[in-house]
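Q: If you read the protein sequences in the order shown, they are chains A and B.
Okay, so the first sequence: first residue is 32 according to the numbering used here, each after it adds one.
Okay, so the second sequence: first residue is 45 according to the numbering used here, each after it adds one.
Bear in mind the hints are in silico, worked out from the structure with no lab data behind them.
Among these hints, one or two may not hold up.
Said to hold, decoys possible - For each label pair, taking beta carbons as the anchor points, the in silico distance ranges come out as:
# : chain 1 : residue 1 : chain 2 : residue 2 : range
1 : B       : L167      : A       : H106      : 29 to 37 Å
2 : A       : R124      : B       : A73       : 49 to 57 Å
3 : A       : P77       : B       : W163      : 16 to 24 Å
4 : B       : L91       : A       : I336      : 30 to 38 Å
To be verified - Stretch-level coverage of chain A by chain B, calculated; a stretch enters the list once three of its residues show a Cβ under 8 Å from a Cβ in chain B:
# : region
5 : 161-172
6 : 178-184
Source: prediction; values computed, not measured.
Beta carbons are placed, not taken as given, at the ideal position from N, Cα and C, and that holds for glycine.
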Amino acid sequence: MKLARRLCSLLLSLLVLSAAVFWIARLAPGDPLVSYYGQRAERMTPEQRAREEARLGLDAPIHVQYVRWLRNALHGDLGVSFKYKRDVVDVIRGRVSNTLLLGGVGFALIFSMALGLGLLCARFEGRPLDKILCKLGTLSSCIPEFWLSLLLILIFSVYLRVLPSSGAWSVDGGGAADRLRHLILPMTVVVTGHLWYYAYMIRNRLLEEVRADYVLLARSTGLGRRRVLLRHCLRNALPSYLSIMAISVPHIMGGTYVVETVFSYPGIGTLCYESARYQDYDLLMVLCLLSGAVVIVCNMLAQAINEHIDPRVRAAAAERAEADGHG
Amino acid sequence: MDERFALVGLCPAAEQAAPKGRRPGKRPALAAAFLALMVLGCLLFPLLLTKDPASMDLSNYAREPDGTFWFGTDTMGRDIFAMIWSGGRVSLSIGFLATALSTVIAVAVGAVSGLAPRWLDALIMRLTDILLSIPSLLVIILLQAALGRANIASLSLVIGATGWMSVARVVRTEVRQLRTSEYVAAARCMGGGTFHILRRHLAPNFLASIMFMVVMNVRGAIVAESTLSFMGAGLPLDTVSWGSMLSLAENALTAGAWWIVLIPGLFLVATLLAVTELGEWLRRSANRGQSNL
Numbered sequence: 032m033k034l035a036r037r038l039c040s041l042l043l044s045l046l047v048l049s050a051a052v053f054w055i056a057r058l059a060p061g062d063p064l065v066s067y068y069g070q071r072a073e074r075m076t077p078e079q080r081a082r083e084e085a086r087l088g089l090d091a092p093i094h095v096q097y098v099r100w101l102r103n104a105l106h107g108d109l110g111v112s113f114k115y116k117r118d119v120v121d122v123i124r125g126r127v128s129n130t131l132l133l134g135g136v137g138f139a140l141i142f143s144m145a146l147g148l149g150l151l152c153a154r155f156e157g158r159p160l161d162k163i164l165c166k167l168g169t170l171s172s173c174i175p176e177f178w179l180s181l182l183l184i185l186i187f188s189v190y191l192r193v194l195p196s197s198g199a200w201s202v203d204g205g206g207a208a209d210r211l212r213h214l215i216l217p218m219t220v221v222v223t224g225h226l227w228y229y230a231y232m233i234r235n236r237l238l239e240e241v242r243a244d245y246v247l248l249a250r251s252t253g254l255g256r257r258r259v260l261l262r263h264c265l266r267n268a269l270p271s272y273l274s275i276m277a278i279s280v281p282h283i284m285g286g287t288y289v290v291e292t293v294f295s296y297p298g299i300g301t302l303c304y305e306s307a308r309y310q311d312y313d314l315l316m317v318l319c320l321l322s323g324a325v326v327i328v329c330n331m332l333a334q335a336i337n338e339h340i341d342p343r344v345r346a347a348a349a350e351r352a353e354a355d356g357h358g
Numbered sequence: 045m046d047e048r049f050a051l052v053g054l055c056p057a058a059e060q061a062a063p064k065g066r067r068p069g070k071r072p073a074l075a076a077a078f079l080a081l082m083v084l085g086c087l088l089f090p091l092l093l094t095k096d097p098a099s100m101d102l103s104n105y106a107r108e109p110d111g112t113f114w115f116g117t118d119t120m121g122r123d124i125f126a127m128i129w130s131g132g133r134v135s136l137s138i139g140f141l142a143t144a145l146s147t148v149i150a151v152a153v154g155a156v157s158g159l160a161p162r163w164l165d166a167l168i169m170r171l172t173d174i175l176l177s178i179p180s181l182l183v184i185i186l187l188q189a190a191l192g193r194a195n196i197a198s199l200s201l202v203i204g205a206t207g208w209m210s211v212a213r214v215v216r217t218e219v220r221q222l223r224t225s226e227y228v229a230a231a232r233c234m235g236g237g238t239f240h241i242l243r244r245h246l247a248p249n250f251l252a253s254i255m256f257m258v259v260m261n262v263r264g265a266i267v268a269e270s271t272l273s274f275m276g277a278g279l280p281l282d283t284v285s286w287g288s289m290l291s292l293a294e295n296a297l298t299a300g301a302w303w304i305v306l307i308p309g310l311f312l313v314a315t316l317l318a319v320t321e322l323g324e325w326l327r328r329s330a331n332r333g334q335s336n337l
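With the sequences and hints as input, model every part of the structure.
A: Below you can see the structure in the form of structure tokens.
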């Protein structure tokens, strides 16, 4: 029942999102034919243009196009990329693993390291270690990702010549080690761009927790600082941490997109950027819906986990359900 | 109060009686001075300098910093020292314009949502969530494309229009919490209208909690501008900004011209750092009690 309602709201959100993206993309000036035919499109006669637009289904009013797109999408046909002239699903399939590798591993690294750093800072609040880590965090949060990328390329690719500056693998292919070497710089940028922000969040959340009375009680029963911090404070801070993680997905994803563009890394981000700039409508639609779906699902997941971990939220939900039942 | 209580975190009362909150640490004098200097420099230098930042001089292509060109020249032969100041003017104005716009939208949406009946509130928040779910960079590129060739106004508009969601959420939460409080009820009893209550009773309260986010939005807007211009989706090359200066970095990297990458970037980072310090100081004014750990 609950699941069905969530599924409905997911579908509804995706529908609204798809309509919004569809309209904005098509109202934007720019010539989708250029994306399909390249420079040739500019030399076409008006008759040729009209014929091609009719062939690609771009001549109908937007709402007609939308209904057509929706009907096809529901039948499993998500359209063809104008630029790659292939089914959009194929185009994306070739790229998605690269982004998952960069974003997924980056995400895992960010959150495990942020948790560790946050705990460390909270444990040693106000001491030199905490101060240094916080200052480092402030500094790195002020360095735009693209500039950090440029800096790293300048140091490690131009001057030291130890790491490649772009792509996901060498032309001649070099196996896992080669992939790894290409991942180091982008991964560094993705992780440092976000790590401190979340570490700082956990730190502050824990510092709020540390000031609660139950900590006083736990300490007075003789429990050690570390035990109280890990077993009591962290447990209370964890639900909000998980929801922060879910909310952070679009941010990290957006960051990955920028990093991919700077490093010419063949992932979803470069694809997104290209499709938005060059009016590759069908591809853009699918990418936007994919991003939206990921985020909405993550939000729901976080809420569910929240309820599971935190008895207070569970109790409040049960109370509300009961009130609804009676009312 | 003696040593025994230190074990459970109790401290002499004298220390607690003077909370550190109202004395919010050091004032960020350095940051404020730097920002003032930057703003002043960006306002005055373009008037004083004889070199035109946009003029291209291909005979002085990618020159290293020296006596004539203090910060060197870029790969189009433009003087980087002159570009820093006129570019800073553009970057900073976009930062402030975009933030002003996003704050106005955020307060409007948040207040409406906070004061609205439950169904409308849920609807607005659902929409806000959807907007938050789209990577904002993508939205900015899309909207920028819709507005045609980018200029300072259109870029500020686009960045401002995509940056209001998180502030709106905070405003909405605060307003919802505050609207049931006694003093709002009292004001209403005395015949205060919705707008009057919002302006006189609600705004002073939520302004404190969004100030930090607003200052951080300035930072976000400057970063967004530079990132977009760097990627070639923002300001064109002939509109000098810190971001569009860096869009030449790719050529500079192959030429090994470190100053083209480093100098505008350092100015950018230093400014962002100063803005952050200011924001942090605003946030620190919120009181924090004694640790029990």
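Q: Each of the hints needs a verdict: does it hold here or not?
A: Structure-based check of each hint:
1. L167(B) x H106(A): 29 to 37 Å: Given range 29 to 37 Å: holds, Cβ gap about 31 Å.
2. R124(A) x A73(B): 49 to 57 Å: 55 Å, holds
3. P77(A) x W163(B): 16 to 24 Å: 50 Å, violated
4. L91(B) x I336(A): 30 to 38 Å: 58 Å, violated
5. 161-172: holds (count 3)
6. 178-184: It holds, with 4 qualifying residues against the three required.
Comparing the model with each earlier hint shows violations of hints 3, 4; every other hint is respected.
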